[in-house]
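Protein sequences, first through last, are from chains A and B.
For the first sequence, position 255 (counting from the first letter as 1) is numbered 255 according to our numbering, and the numbering increases by one without interruption.
For the second sequence, position 330 (counting from the first letter as 1) is numbered 1330 according to our numbering, and the numbering increases by one without interruption.
Be a bit skeptical, because a hint or two may be false.
Stated by the list, open to error - Counterexamples of contact, computed for chain B against chain A with all Cβ distances above 10 Å:
#1 H1006
#2 V1018
#3 F1229
#4 K1275
#5 R1283
#6 S1290
#7 Q1371
#8 G1448
#9 H1459
Claimed, not checked - Quick list of simulated restraints, FRET-style, between CB atoms:
#10 B:V1393 <-> A:K272: 53 to 61 Å
#11 B:F1038 <-> A:D46: 36 to 44 Å
#12 A:T154 <-> B:C1365: 48 to 56 Å
#13 B:I1219 <-> A:N206: 32 to 40 Å
#14 A:K165 <-> B:I1362: 39 to 47 Å
#15 A:Q98 <-> B:F1010: 30 to 38 Å
#16 A:L144 <-> B:I1362: 49 to 57 Å
#17 B:I1145 <-> A:K11: 39 to 47 Å
#18 B:S1045 <-> A:Q98: 41 to 49 Å
#19 B:L1296 <-> A:Q98: 47 to 55 Å
#20 A:T154 <-> B:L1364: 45 to 53 Å
#21 B:I1039 <-> A:D46: 32 to 40 Å
Claimed, not checked - Taking lysine to any residue pairs in the SDA-like style, the calculated list, with each CA pair at most 20 Å apart, reads:
#22 A:K41 <-> A:R16
#23 A:K137 <-> B:L1415
#24 A:K165 <-> B:I1416
#25 A:K41 <-> A:Q103
#26 A:K137 <-> B:Q1005
#27 A:K165 <-> B:L1455
#28 A:K165 <-> B:L1415
#29 B:K1183 <-> B:N1019
#30 A:K165 <-> B:T1418
#31 A:K137 <-> B:D1048
#32 A:K137 <-> B:L1013
#33 A:K165 <-> B:H1459
#34 A:K137 <-> B:A1042
#35 A:K11 <-> A:K137
#36 A:K165 <-> B:N1019
#37 A:K165 <-> B:V1413
#38 A:K137 <-> B:N1037
#39 A:K165 <-> B:M1412
#40 A:K137 <-> B:L1009
Note that these hints are calculated values from the structure, not bench results.
From the three backbone atoms N, C-alpha and C, an ideal C-beta is built for every residue, glycine too.
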Amino acid sequence: MPGVKHTGRSKLYNPRQYFLAHYAGFGFDYFILGHGLFGVKQHLKDASLLLVSSSKGLYGFQAHTMNKLFKQYDTNLKAYNLSFGLGEGYTFVTWLVQHNNLQNKFVLLDITDDTTDYHISPQAFKAVHATTYEAYKEVIEHGLQFLFDWCLQTILPRLVIQENKIVFTIPFVRGANNWRRWDTGDIVPELEGDNQAVAPGPIYINFDNLGLINKITFRVFDKHHLNYGFTTVPYKNYDPGLIQKVAAVTNHWILPPEWEDLYTKDGVHLTKTSAQKYSTRLATQMSDQIDEMKRTSTLSQDSILDEKPYLVEIFPIGYPAPIGTLLFEKIKGTYYIYKHIYLQNRLQGMRPWEFEDYRAASDVNTSLAISQTLTE
Amino acid sequence: MLFTQHTFLFFFLVVFLVNLITRRWTKLNHIFLILANFIFFAYWSIPDFILMVSVVYLTYLMIRWMNSVKTISSQKTLLILTVWLDLGALILFKYRGFLYENFSYLPFMPAYPRPSFFNAILPLGISFYTFQCLSYAIDVYQKKIKLTSLSHFVLYITFFPQIIAGPIVRGSQLIPQIDQPSKNRPIQLETGLYWFALGFFFKAVCADYISDIIDPYWISGQHEALSAFAHWIIAFLYSCQIFSDFGGYSFMAIGLGFLLGFQLPENFNAPYLAKSFGEFWKRWHITLSSFLKDYLYIGALGGNRHGARRTIINIIIVMLLGGLWHGPAWTFICWGGLHGLALIIERLVGLHDRRQWHHWLITLCWFFVVQAVILLTWVFFRAPSLSYALSFVKCMFIFKPFENSLIPPDLMVGLIFTIPVLIHHIARLPQFNGTRLFNPLLKGSLAGFMFFIILIFMHRPQGFIYFTF
Chain A
1 MPGVKHTGRS KLYNPRQYFL AHYAGFGFDY FILGHGLFGV KQHLKDASLL LVSSSKGLYG
61 FQAHTMNKLF KQYDTNLKAY NLSFGLGEGY TFVTWLVQHN NLQNKFVLLD ITDDTTDYHI
121 SPQAFKAVHA TTYEAYKEVI EHGLQFLFDW CLQTILPRLV IQENKIVFTI PFVRGANNWR
181 RWDTGDIVPE LEGDNQAVAP GPIYINFDNL GLINKITFRV FDKHHLNYGF TTVPYKNYDP
241 GLIQKVAAVT NHWILPPEWE DLYTKDGVHL TKTSAQKYST RLATQMSDQI DEMKRTSTLS
301 QDSILDEKPY LVEIFPIGYP APIGTLLFEK IKGTYYIYKH IYLQNRLQGM RPWEFEDYRA
361 ASDVNTSLAI SQTLTE
Chain B
1001 MLFTQHTFLF FFLVVFLVNL ITRRWTKLNH IFLILANFIF FAYWSIPDFI LMVSVVYLTY
1061 LMIRWMNSVK TISSQKTLLI LTVWLDLGAL ILFKYRGFLY ENFSYLPFMP AYPRPSFFNA
1121 ILPLGISFYT FQCLSYAIDV YQKKIKLTSL SHFVLYITFF PQIIAGPIVR GSQLIPQIDQ
1181 PSKNRPIQLE TGLYWFALGF FFKAVCADYI SDIIDPYWIS GQHEALSAFA HWIIAFLYSC
1241 QIFSDFGGYS FMAIGLGFLL GFQLPENFNA PYLAKSFGEF WKRWHITLSS FLKDYLYIGA
1301 LGGNRHGARR TIINIIIVML LGGLWHGPAW TFICWGGLHG LALIIERLVG LHDRRQWHHW
1361 LITLCWFFVV QAVILLTWVF FRAPSLSYAL SFVKCMFIFK PFENSLIPPD LMVGLIFTIP
1421 VLIHHIARLP QFNGTRLFNP LLKGSLAGFM FFIILIFMHR PQGFIYFTF
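Using the sequences provided together with the hints, build the complete structure.
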């Protein structure tokens, strides 16, 4: 077909070892890991160390590298990479821990600009709202769509509307389609190339501006006897001092980042080689500190701010609709949004830079927020 | 499972093959088809499936009871109970939220905030299967058809190609086909594939692309900067979208029916060729309009037998209820009301009777008036609220300076996707003898070509508009 570049068929990984993580706007990993589908739940239960982050950890942590070293060091730890793309924070993992009833584990929390505040991505939101039955349905339907598209890749072009023109587009298999390992959650293919060196920079971030990680995530971790600590997957201009500050506030163990000789492909995500280096350092640090980490108590009860972690927020119309009209409800001519705070991703869940815009918008509709706490 | 989803295509492939194998044994074939219907429905939602099975089973029990009693008065009482059982289910599950919103000022209504009971989530297909149950009960009462067995009744109501969004099939149309031995039901492969491909094409290529283009204009305030002409274009695009969407679904249902050996009634007959409002309702959602005409307009209200004034009232009642059937919102009621008003004006002027107005110029002028009003009414059907619809309609008549009267390029692209709708309508003109043109070879070739275009164009399968009704 004229103007269409032949790219060759994308690689299909062995489904016994790998599952498709993301395809055409659908995050398989949210549903598979979130609901523990196809036996993943057992892998999660078997793991003794959960690595939690956004895409930075998805590309930065290598659970299989760490597991090899743990075996060598006789540490008896088994890591699982529970990081998610789309700038995911801790909210989804908090739900995942509850939903799958994960207990008695170490959790290594990566603190980056993505994870410093309580928020949830739309994909995670969908996964949280789905039942296990619906999760299976979604995964099967989108999986079939991928297979169908994969079969037609390189055979047929696709027509799409771009900039008000109908044009042929290159691949039938659309967008990034990363794969993850069932047993470790590691992503393949990892990014390659040595482009930009990792180094601390001028961006300094505050942790938990909204106080909800403290209120909700840490409380859930405590209830599930999860011993958690912090690290930072290094990237260009990252804040190495942040985990020190967090550790001081939360009284938890940390694994200070070492950024020497690490490189990112795009300024944000570590390359495969760097991820291996970084994970090796982490495993060594952990093996050295394991006794100390076990001694460190989980968050003291005094620091838990609220006994009722789940909130329902009611806002009259005028607020921007983040998720969709489903959240609106009309009562006596006035529209309201009903949301479960731990499922919603606005106001409480916004990233700090979005939060300011939001507040500015809400000034137009003053005296809006009527917040009430509810017990789940 | 949407008909355009890969899951459905796999599901149907299995159903098609097993149906083919089991056709020799009628009972086994029926059991299999009922099982397939149940799987199809339960796959959507298990609670909705339980509700559907309960309504269907209770309706059947009531009809059997009605059929067993001797006196006419008892039969009538039981019919009324059956009608209220189905209507009650419809009101309870579809309209309770709407009723609360509109009657919340009454003293006995629960106080704010709205109790969760009134947060109605529409059960799948309830508008369709309750109407089929109703029509069956009335037909049995009126001795138009005989009471059939439970399995045949369940197969008829739950027949998966039509249960979610029609066509609303009458018992007299489907049950005789079920009653005969399965092997006697011919499987019309090329016709089935042609109808299925046609519907799939309309949905995946026309409706979904038009929807992507015009949906932003139905979000608050997005349309206001456009010219009046652009507003008419948006309304025209929506008219093509809804035809492609709902018509597409109906064509696919008919095709699936043919592939399983059943003939379902036609639901759309080139509605935008209608030269009068009366004709439009004979061409648009034919099974619903004939249901409303037979059971409500004539059956319950007496039709035009009680004088002109009563006829007008009857028309308005039927059209308002027809509008409300589409959804618990004032926009739908308004849509139905406007069509009712148009039918009344047409009747008063005498334009409904073609014998009186046979001059080609009057017919042509009235055709354009009819089509323009239909476009206007679609605005009410699509708009998120009544106020939005009114502001949209207002913009359709405010002519702006020349620089604002250009059509946005995205709408121009959208017009490309209306070409198949126009071709479909032209092909239905009396001048083109469809039966002569559409021989099996041409049907097969057309089906193949449409599947090819679908493969190139189709992106993510999207839901059908009528699934929400």
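Hints versus structure:
| no. | hint | result |
| --- | --- | --- |
| 1 | H1006 | 4 Å, violated |
| 2 | V1018 | 20 Å, holds |
| 3 | F1229 | 18 Å, holds |
| 4 | K1275 | 34 Å, holds |
| 5 | R1283 | 30 Å, holds |
| 6 | S1290 | 34 Å, holds |
| 7 | Q1371 | 27 Å, holds |
| 8 | G1448 | 14 Å, holds |
| 9 | H1459 | 7 Å, violated |
| 10 | B:V1393 <-> A:K272: 53 to 61 Å | 59 Å, holds |
| 11 | B:F1038 <-> A:D46: 36 to 44 Å | 38 Å, holds |
| 12 | A:T154 <-> B:C1365: 48 to 56 Å | 55 Å, holds |
| 13 | B:I1219 <-> A:N206: 32 to 40 Å | 35 Å, holds |
| 14 | A:K165 <-> B:I1362: 39 to 47 Å | 43 Å, holds |
| 15 | A:Q98 <-> B:F1010: 30 to 38 Å | 34 Å, holds |
| 16 | A:L144 <-> B:I1362: 49 to 57 Å | 55 Å, holds |
| 17 | B:I1145 <-> A:K11: 39 to 47 Å | 59 Å, violated |
| 18 | B:S1045 <-> A:Q98: 41 to 49 Å | 25 Å, violated |
| 19 | B:L1296 <-> A:Q98: 47 to 55 Å | 51 Å, holds |
| 20 | A:T154 <-> B:L1364: 45 to 53 Å | 52 Å, holds |
| 21 | B:I1039 <-> A:D46: 32 to 40 Å | 34 Å, holds |
| 22 | A:K41 <-> A:R16 | 16 Å, holds |
| 23 | A:K137 <-> B:L1415 | 35 Å, violated |
| 24 | A:K165 <-> B:I1416 | 11 Å, holds |
| 25 | A:K41 <-> A:Q103 | 12 Å, holds |
| 26 | A:K137 <-> B:Q1005 | 12 Å, holds |
| 27 | A:K165 <-> B:L1455 | 19 Å, holds |
| 28 | A:K165 <-> B:L1415 | 12 Å, holds |
| 29 | B:K1183 <-> B:N1019 | 10 Å, holds |
| 30 | A:K165 <-> B:T1418 | 15 Å, holds |
| 31 | A:K137 <-> B:D1048 | 16 Å, holds |
| 32 | A:K137 <-> B:L1013 | 18 Å, holds |
| 33 | A:K165 <-> B:H1459 | 16 Å, holds |
| 34 | A:K137 <-> B:A1042 | 12 Å, holds |
| 35 | A:K11 <-> A:K137 | 24 Å, violated |
| 36 | A:K165 <-> B:N1019 | 44 Å, violated |
| 37 | A:K165 <-> B:V1413 | 7 Å, holds |
| 38 | A:K137 <-> B:N1037 | 18 Å, holds |
| 39 | A:K165 <-> B:M1412 | 10 Å, holds |
| 40 | A:K137 <-> B:L1009 | 15 Å, holds |
Violated hints for the displayed structure, listed by number in ascending order: 1, 9, 17, 18, 23, 35 and 36.
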